[in-house]
Structures are given as C-alpha cells and as structure tokens.
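A.B. asks: Chains as they are written, first to last, in my numbering: chain A, 525 to 890; chain B, 525 to 890; chain C, 637 to 923; chain D, 637 to 923.
Hints are not guaranteed to be accurate.
As the list claims (entries may be wrong) - Simulated pairs of lysine-lysine, DSS-like, Cα-Cα distance not exceeding 25 Å:
#1 Lys752(A) to Lys781(C)
#2 Lys781(C) to Lys646(C)
#3 Lys879(C) to Lys723(A)
#4 Lys879(D) to Lys601(B)
#5 Lys788(B) to Lys883(B)
Said to hold, decoys possible - Computed from the model, here is a short list of chain A residues facing chain C with C-beta under 10 Å:
#6 Val605
#7 Ser607
#8 Ser629
#9 Ser714
#10 Asn727
#11 Leu761
#12 Gly763
#13 Asn764
#14 Leu779
#15 Asp794
#16 Asp799
#17 Gly825
#18 Val857
Treat the hints as calculated values from the structure; they're not laboratory data. Glycine included, each C-beta is placed from N, C-alpha and C at the ideal position.
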Amino acid sequence: MKLFEYRAKQLMEKYGIPIPRGVLAKSPADISGAEYPVAVKAQVLVGGRGKAGGIKFASTTDEARARSKEILSMTIKGEKVKSVLLEERLDVKRELYLSFVMDRSSRSILMMASADGGVEIENVPHERISMVQVPPFGYSQFMGRILKSTFGLGDDQGKQADALARSLYSMFVAEDCELAEINPLVVTSSGKVIAADSKITINDDSLFRHPEFSEDIDDLTPLEQRAKEEDIAFVQLDGNIGVIANGAGLTMATLDILTLNGGKAGVFLDLGGTDDPRKVTKALALMKDARPAVIFLNIFGGITKCDTVASGVKDAVETVGIDIPIVARIRGVNDDIAREILKGIGIESSTDLIEAARKAVRAAVS
Amino acid sequence: MKLFEYRAKQLMEKYGIPIPRGVLAKSPADISGAEYPVAVKAQVLVGGRGKAGGIKFASTTDEARARSKEILSMTIKGEKVKSVLLEERLDVKRELYLSFVMDRSSRSILMMASADGGVEIENVPHERISMVQVPPFGYSQFMGRILKSTFGLGDDQGKQADALARSLYSMFVAEDCELAEINPLVVTSSGKVIAADSKITINDDSLFRHPEFSEDIDDLTPLEQRAKEEDIAFVQLDGNIGVIANGAGLTMATLDILTLNGGKAGVFLDLGGTDDPRKVTKALALMKDARPAVIFLNIFGGITKCDTVASGVKDAVETVGIDIPIVARIRGVNDDIAREILKGIGIESSTDLIEAARKAVRAAVS
Amino acid sequence: MAIMVDGSTKVIVQGITGHQGQFHAKSMREFGTKVVGGVTPGKGGGDVDGIPVFDTVKEAAEQTGANTTCIFVPARFARDAVFEAVNAGLGLVVVITEHIPFLDAMQFVSYAKLKGSTVIGPNCPGVTSPSFGKVGIMPSKMFAKGDVGVISRSGTLTYEIVNALSENGIGQTTCVGIGGDPIIGTNFVEALARFEEDSGTKRIVMVGEIGGTAEEEAADFIREHVTKPVYAYIAGRSAPPGKRMGHAGAIISRGRGTAESKIKALEGAGVSVAALPTDIPALVKKG
Amino acid sequence: MAIMVDGSTKVIVQGITGHQGQFHAKSMREFGTKVVGGVTPGKGGGDVDGIPVFDTVKEAAEQTGANTTCIFVPARFARDAVFEAVNAGLGLVVVITEHIPFLDAMQFVSYAKLKGSTVIGPNCPGVTSPSFGKVGIMPSKMFAKGDVGVISRSGTLTYEIVNALSENGIGQTTCVGIGGDPIIGTNFVEALARFEEDSGTKRIVMVGEIGGTAEEEAADFIREHVTKPVYAYIAGRSAPPGKRMGHAGAIISRGRGTAESKIKALEGAGVSVAALPTDIPALVKKG
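The following block holds chain A by itself, in its conformation from the complex:
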C-alpha cells in the first residue's frame, strides 16, 4: 500500500531522518503552526501533482490559506485532494535522489542513488544512477562511501547522507517497505541534508506485522477496498465486461482474449483457489455493484472445482439478485455438474474459451 507523503514523512522522522517542518491541514482553517515561506502540497497518492498544480507557495498566513483552499478543492488525475501539507520552504542548494527498493531480478534490496534529484528517476540516464544490492546482512559502511562519491559530497554532508541512508534502510526493513524513496533529497545552503519529498510503499503481505497501517487508505477505489477486505483480487478497468476467472494468470489471459476479440474488460476479478461457494457469491455481489454490461465467467476447474463455482453463482443469482447477463465458459473438474447447475438458473455455458469470449463481447456491445 502506498502511503501519503505526510505519513511517509512521519515514518521517516520516527527513524531519525531529517524532514522539513510541516503542518497537515484538512481545511484552510487548520493551517496554524506553519512556517513561512511555506510550500502547500496536495496529499494525493497519484504521481505528477506538481505539474497538475498541486504544489503552491505562500509567504503569509492569508496567502497560505488561499492556496490551501484552492488545492483542497482540486481533483488530481481522478483523486480528490483531502488534505494539504504545509512545509517550510527549504533553501535548496542541491537536489539528489535516494531510494531503497525491492529488486526482483537480484532478489535483494537495491539502493539507488543519483546526483540528479528532483526529476523522476525513470528519466535519469542509467549511467548516472548508482545501484547497490544491499548485502543480506544489512547496510554496510561501504554503501555510505558509494553515496558520498555518487553525490559528490564532502566529509560532513557525506556523513549526513550515510546516516540518513542507514536509517532509511532500517525503516525499509522494519516497516516491510517495497519502496522508500526520497526525491529530492535536498542539500540546503546551510549544509543540511533533508528528505524534501518522500514516497513509501508498504508490502501488503506484511500488514499482519503492522496493524498500525490498518487505518491508512490505499489508492484503491471503494469497490477495490471492499474486495481487499474480502480477500478477493479485484481491479477496476476502463471497459464494460466484468471478468471472473480462477487464477491470476487465467484472469489476465481472459482479459487479453476479450481485447483480441474487440471487447474490453471493466473488471478483473480473480477468485483464486477456493472451495467455498460463498466466496463466489461475494464475488458476484461485488461484480454487480461494479455495473459491467456483461459478466464473463471463465473457470478452469482444478483446486477450485467447477461445481463449487456454479453453486456460488446460483446462490448469488437467487439471493443477491444479479441483474447483469452472465456468459460462462466452464472446463475441468466437475464441469458437467456445473453446467447442469448453471442451466438450472438459465445460464448456458460453453467449454470453448474463444467461442465464449466472442459471445461475451457481443453481449457487451449490444
């Protein structure tokens, strides 16, 4: 889960990382305590808020109140701004980049550092980024030396950067981060090294170790949030076909097949492996609320038996009341029983994936 900037900074502060002094405000009335001149920053989880006008500056309380009001009324890339962070404006001498990130290829934590901060790291030339795989025994002194050299810092600021990186790494591990990014990492005119902007993503699978994040809100739609609570993999998309399949790969492949046949999925819903018809019923209830034009049910029965799914669908139709047409493709373990159950509630099912996909696409455009 992504954290808002102010939450990320609270966490960093807890680990001793220097951050700008700031005040969080949910309304223009809340801004007391801010230090002037101040930066008013929209608290959103989408990227690119700066370009979208989500960061403004103010020298007085009146100005700050006005800017806060403006930003609090914005919606950035579909995300409503619910709070602003008012932070002291730093006297910036240099902007650097520092992050720790889970690295799939090397199966280790990667430290990334660049003297080119303040721009998106994707836009920094590869040879200008130092990448260091953190040894499994943790942060080691040599990493600080690499930082000092990458950033081109003197002894004092090199030490600050080293201490900051060590703390950031400690936080990354202790809080089960997937990403902990400081961009820009600022060197001020007075020689302080400060985390001016902060991005943190917490590993969802670790949340059992971090109940304190349960109150944080991820960048999920309300339906996605509901699905998460019910342990269903559910993603809202742009199209109008609601796809239910079992297994992430099969669900993705179903999306692709629909696309190849001229359709477009509006919901990705992976049932996973389940032997509980109630989970299927819940999935259909979610799907109903997502309002696709048609539901495409694609089941290859194995661990999840076809008749279990059919029973869940039947229950949903009978108790939840599914008012959206369902196209079904059923194969695998107990597919004959499943087809009978579905037939009983008026759903014809196919065994052929392409044929069924085409039928769903036709139903969606009609």
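Mind docking chains B, C and D on chain A? Use the hints.
C.D. replies: The following block gives chains B, C and D in isolation, referenced to the frame of chain A:
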C-alpha cells in the same frame, strides 16, 4: 578468553537467562546474602573442578564459611582458587545440555543440545546430541521445536527452553562468544528451566568491540599475559628449549623437529611478520624471563627479514643482557647480513634446520 | 527424464494436518509420489492417512530419508518452515503458501542458495513430473508423459495449457510452477537451465506474465544457452500500469514489466510466442 | 595452468595507501601481476607508484576491469571491505588481514558464497601462480614454475617448503595460503577440488597443522575425489592441548584437532605424510 563462571552468569543474566541466585566471595568473610542450602563453587578456569573437590555443599552460614575457607585455599590443576560462588542449591529434576559454539567445518554457529546433561559433552554418544547449524539470519523458531523434542519437554518448559536458547544465541553474537555452554541446564522440581553452570569463551579478536572485558583475567601465565599485551604469540610449555621463530606454522614445526631429535620446547614464541627490530628485542626479553636452558632461534626470512631479527637480537644482548645460550638457524631474505650481525655478538648460525635443532637439543641437555 | 522430481524423490508435507496439507498429501500419493512423512509441531507420533507425522523436519528427514518438502503452513510461519527444511538438508523445497512478505522470501531464498537447496515458489502450484510424481497442488488428471518441459508463473493458466497439450497428444517431462510472487526461489532462467540439461526434455513451453523483467532475462539466457525450441505465452497484454493483477508480482511499475517488452525480447531470442494460450499446442506441433 | 590467479587476473589493492598495501602492491607488480588499481576512501584520484587510487571498489572495478582484490585494511574494517569487494562483483578476494573477529569472517564468507566469489583467508599470505603472478604477501624469490599445487594453512612454513621444492627443481602451478584462522573462505577440500580440476597440476602438497578437522575432511575428499598424488606435512605434533599455537585456529580443543588424528586420516587416504617439512621434496621426487 575464558570467563569465570560468575562472570559468565552475570553476562547470561544480562540477556535474561535464568540463573541460580548467588553470591561471589573472595574470602570466607564475604559470604553474607547466600541462600541456604548452598553450593560453594571454586571459581577457576580449568575444567574438572568438581572431581578435584572444588564444589562443596552447606546448609548453614557456619558450614558455608568453613567450606569457602577450604576451597579458597585450594589450587586446582595448578590454578589457585581466588574466589568462590555461593549459589542456592537447585531442586534438580533433570539435567540437560545446551550450547552454542563456533563451528569451523560448517563455518557457522552450531547449536548443540542433549537430554544427557551434567556430564562432559565429549562423553555423550554422538547420536544423543542434536546439532543444528544456526542460519545466517539468526535464531529461528524451528530451533526451539528441535530443543523441545530433543529435551523431551512439555509445552511450558519447551517455551522456557526456547526463550532461553534465543537469549543465549543473542548473547553469543552480541558478545562475540566462541563458546557459550550451559551444562547442566536444569529443570527444577517446580518446573523452572535454569542455567546451573555456565561456560563462556570470548573471541579474543573481538575484544576491540568489548573493552569491558579488559579487566577480566584469562587462563594465561603471567608471562603469557605480558606477551599478549605486547602482541607476541607466546605459550609456555613443559620443556627447556625456548623456541623463537617467525610464523605460527614454522614455530610449531620447530617444536616438532626438536621433539623428533630428543629435545623438548619450554617456550613457543612466534614473532609473526614484523619489520621492527624492537619487537624482536622484546621477545628476547620475555624469553629471558621464561628461563629456558637454551634459546633456539629459527628464522626463514621473507616479510620478516633475517637482518631485522638479527638486529633485534643484537640489541637484546647488548641492552637487556641475555644470559642464556642462543642457537640460531637463519635462512632467506638477507640471511648473509644477519649471520654477520650475529657473529659480531658471538652467535654462530647455521642454514640447516636439522643440524641447528640437534645443536640446540645438545645445548639443552648439557 | 525429468527435472527436480524424479524416481529418487521422497516427499514430506509441512503442515500435513491442515485441511490443504492433508488433501494434497493424499492427492500426491495417489499420483504415485512417495510421500514418506508429514510435519506438524505438536502432532508428532500420529499419522495422516497412514503417513507418519513428526514434530520437526529434522526428525522427519532423519527417519524417512526424505529429500523434498511441500510447504502448506500459513504465511506468517513460512519463513521459519523453509529455514527448517533447508537446515535439515532437504534439496527441493516447494512453497505453496501465498502472501508471504517479500523480505521473508528474500531471506529463505538466500539461505537455500547458500546451502544448495532449490526453492520453488512461494505462491506456486509446485512441480509435476508425469512419469514420477508431483509435489504440490496441480490437478492430477491433465498430465501426459512426454518430452515437453513447462515453466509457468501462473497456476490455472498452466493447467489450461498443459491440458490442451495433453489433449493434443503432447506429453510433458516436468511442469514447474515457479510462482506469481516478485521474489521467487527459482526463476525462468534457472528452470530453463535445468531443462536444457535434461536429456528427456526436447522442447520447452514457458508461460509468463506482466511484471518484472524475468522474461526479458530468460530471453537473454535462451539466446546464449538454450538449444532446444522454446514456445511462450505472456499473459497481461491488456493490463493497465500500476495495478496488481491478482499476483503480487503481476504489476507494470515505472514503465517496466509490460507484455510488449517481454514478447519482443522473447521473439528476438527466437522464441515462438503465442497470441492466445490455446494456440500453444498448435505452435508446439508445428515445431 | 594454474588456479585462482592466471593470465586474466587483474588486481586491486584495498588499503593501498597504507605501509603494507603500498609495499606489497609494488612487490606484486614487480612479480608480473597486473595491479590495476587501489582503493583508499578519501584518497580517490591520486596514485601510489603510478597505480591509480579510487574511493570505492565499485569505481575501481568499473574503471579498471579488476576481477581480484587483495585486502590489507585493519581488522575492524575488514568485514566491510570484503562486503564491498564481493558487492562490486570481484571473483577472487584475498584477505591478508589477521585478527578479524570470527563472526565477521563468517558473514563475509557466507556473502561471498552467495554471490559466487572466492575468498582466500583471512590471515593468509595469499595466492601465487609462478607463471602468472601473485596476490598477497608471499616473498617473490622462492618460486619456480612447475606442476605441483601447494595448499597451506601456514605462511612461513610454506615458504620454507616451497623454497626447498624449488631448490630441488620441483616447480609449482599455484601456491595457496588458505590462512591460519578457524573460519576461512577456502579450505583444503575446496582448494584440492580446484587443483584436481586443473590440468597443469600433476601433484599436490598440503601443509596442515593442529586444530579443527579440515585435514580429516580433506582426507575423506582425497579418498573419494582426488586422483593426483598428494603429499602432506602436519605441524604441531608436539603441541599441548588447549593452547593456541600462534594461529587463532591452531588449538587442540575438547580432544579434537590433534596432529595424530590428521596424519592417520591422511595416511588412510593414501597421502604420503612427511615427518619433517624438509622431507617434502624427497617425498615428491620419489613420487
């Protein structure tokens, strides 16, 4: 360095390991605060104190004072008893064995556990000992399950053993131990798991991280202690030939050659790799105080140049005054210069190792 | 022959007394796998369907000669379970459990590598060699003996494809479900290397998906080291960036991990990439 | 040929601006070794006798193409120095430094193994291949080119023996000083395996000493895997138990690690064991 039992127990207590209540006494007058019945235990670094009469029991203060007096006047295997530990007598139900030890073969820390405690682990049949290489990431829960199963404990005592082992491991790593042994690990009649006897050896090379041990005394002779302070590898042995060589392997080999030729070394002194004649001078001063019948100097010059050694010897003869005959074998870098220097102070040197060794043996018996 | 699971494979099931463990232990045995024991702390001395249960993997391994484990324990205990298996010297560790924190996975993958054990997964369906047995949860019925090696990040999609292969008379040496998590013990490259070495495997099918660069790395490896024909399908062409598509690892982030990039890399390495999963049998037949 | 150090070896020296580092960098270069750089934090941009100095191993490796390092940094910084070298991808890491805490050594040996780097030492004189170069502190003059591989726990004793071999016309492919500490990166078994594989090496001399069971493990390995004749000398027959004989690893503890046990094991594996170090050349000549 080996720690006295009471020191080992202080350390264990610091890490939350249950130990018997006890009082350290350096004289029979110091025993107030002891809990009765009490065990009076000689604090020595040599093994086998129990068989030597170094552990006695008492039920009253008078008895304890008498037993303490007896033990404090003992010398066990050459080691004078300087203090006794008066410990509550545990109501022992079972005696177990638990240790962590540096394992050279597997290059890891080894956990050793056995249900057969109270005897030396060398005497326990191999198949009765559970050995677990601790993963590099540290103590993990499964090790507690192995302990429970090895010890044959129920849930409550299994949990105590697990917590105790976890603490012992933490101590092992944090204090740079080479050995941390609890034998016996006692289960009392009331169901408590307690470290009844404790042995700890601290890794000498780690002492720069643990200045607090600088006041502890190792099981070294006074001369060995002095050598340690001067960073010279020096071991006192039973014979009468004082061997000085450069390099541990060569010094050991020199001992072996003397033995094969009928002699016996009284001192092992390894100069190591040095380019400082003063270190050689200090080594000879030490050797003088060790009083061997003859000094056998065996140098194969490389990093340590032969002339450097010869200069140090010359300086020792002239300033310290070495009143013990020196037999020298000199080969390698600058051996010609070295032989000249030694000749100048009346020491004839050979290039042949065996010939020189025989000469030293003859000098020692004469 | 086969890779990872063969005639010498002797399996224990960690978490055998749980619902899933019990069900799949039986299913593995029915498939012909030598399931020699199970482990559930506190349940040692009992049995599950005649399979002896032990308190620790150490005891199970010592007393049964097991060399392989299949792990069903809950995510929060998984790291310890893998540590225990690797510590006991088991050479193949199949981790079915999903939702394991990636830092835990990193640690047990490192430990396994250090000790020379192979980890499959986590969040995977396991390994099946139709001629020898299965370790994991793949449905038993869809396999046929043959000369195709299958490697897949996806479970059900693999079943779909393997089923189609078998129906088309194309059997398998071994099917390896490497798992859908970002941090996995055995990746495409490592599985490809095993199939390349295996004399019984003549052709390789790989099923990839969006997220990460494992398929791109596989393409590089294929170009350099794989002489056998490789066929691929990549799921997720129509997935949007920034969204996790069911698998923890299936996410296009920071412009990396798109299906296009993977397909391009594989095709560049001479791999035949199917547009639809159902096209795989025809591609393989065409050769 | 040779093992570990050959024509492709390019060395950096960590701690090059120190007294020892500077001296031995020069000595290595004079021996014909390609010494391409040195590392001392804070001294980057300078040079030592014309050898460029870098602030980090990463920079040194990237800019010089180094694949080997020789470490002279003080004991308390050694773990980090090895981590840095392994992290930078150097394949051979020779650790001269002595008195390194064994827990530090355990960690860097594990890390190197995980990343596929070979560590020699700590507390060792290094590796010399007379035909190619030397990495470490062995005196240059005593070597001769030939077909004997030498493995030794001891420094000076090795010089004594190698010198005697050379004087008797018996040259060496490579001499490996594996170090006198209890925890070392490369042990007898690992070095024996390399010499067994090396076509240039026809005979192997091993110099052991009291402490640990590395020689006993070597004996088992020789019996099973080594086809070339092996000659050995074991120092410390006359050492008493419980005393560290100069090397941290040279101690008979708890009845284990005696010279007798080692000699018996080696003789049992068909190794000719010399009574005196000076007997080695005659033994090797006899064949």
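A.B. asks: If a hint holds in the structure, say so; if it doesn't, say that too.
C.D. replies: Okay, the hints, checked on the actual structure:
no.	hint	in the structure
1	Lys752(A) to Lys781(C)	violated, 40 Å
2	Lys781(C) to Lys646(C)	holds, 20 Å
3	Lys879(C) to Lys723(A)	holds, 17 Å
4	Lys879(D) to Lys601(B)	holds, 15 Å
5	Lys788(B) to Lys883(B)	holds, 13 Å
6	Val605	violated, 19 Å
7	Ser607	violated, 22 Å
8	Ser629	holds, 6 Å
9	Ser714	violated, 33 Å
10	Asn727	holds, 6 Å
11	Leu761	holds, 6 Å
12	Gly763	holds, 9 Å
13	Asn764	violated, 14 Å
14	Leu779	holds, 5 Å
15	Asp794	holds, 4 Å
16	Asp799	holds, 9 Å
17	Gly825	holds, 8 Å
18	Val857	holds, 6 Å
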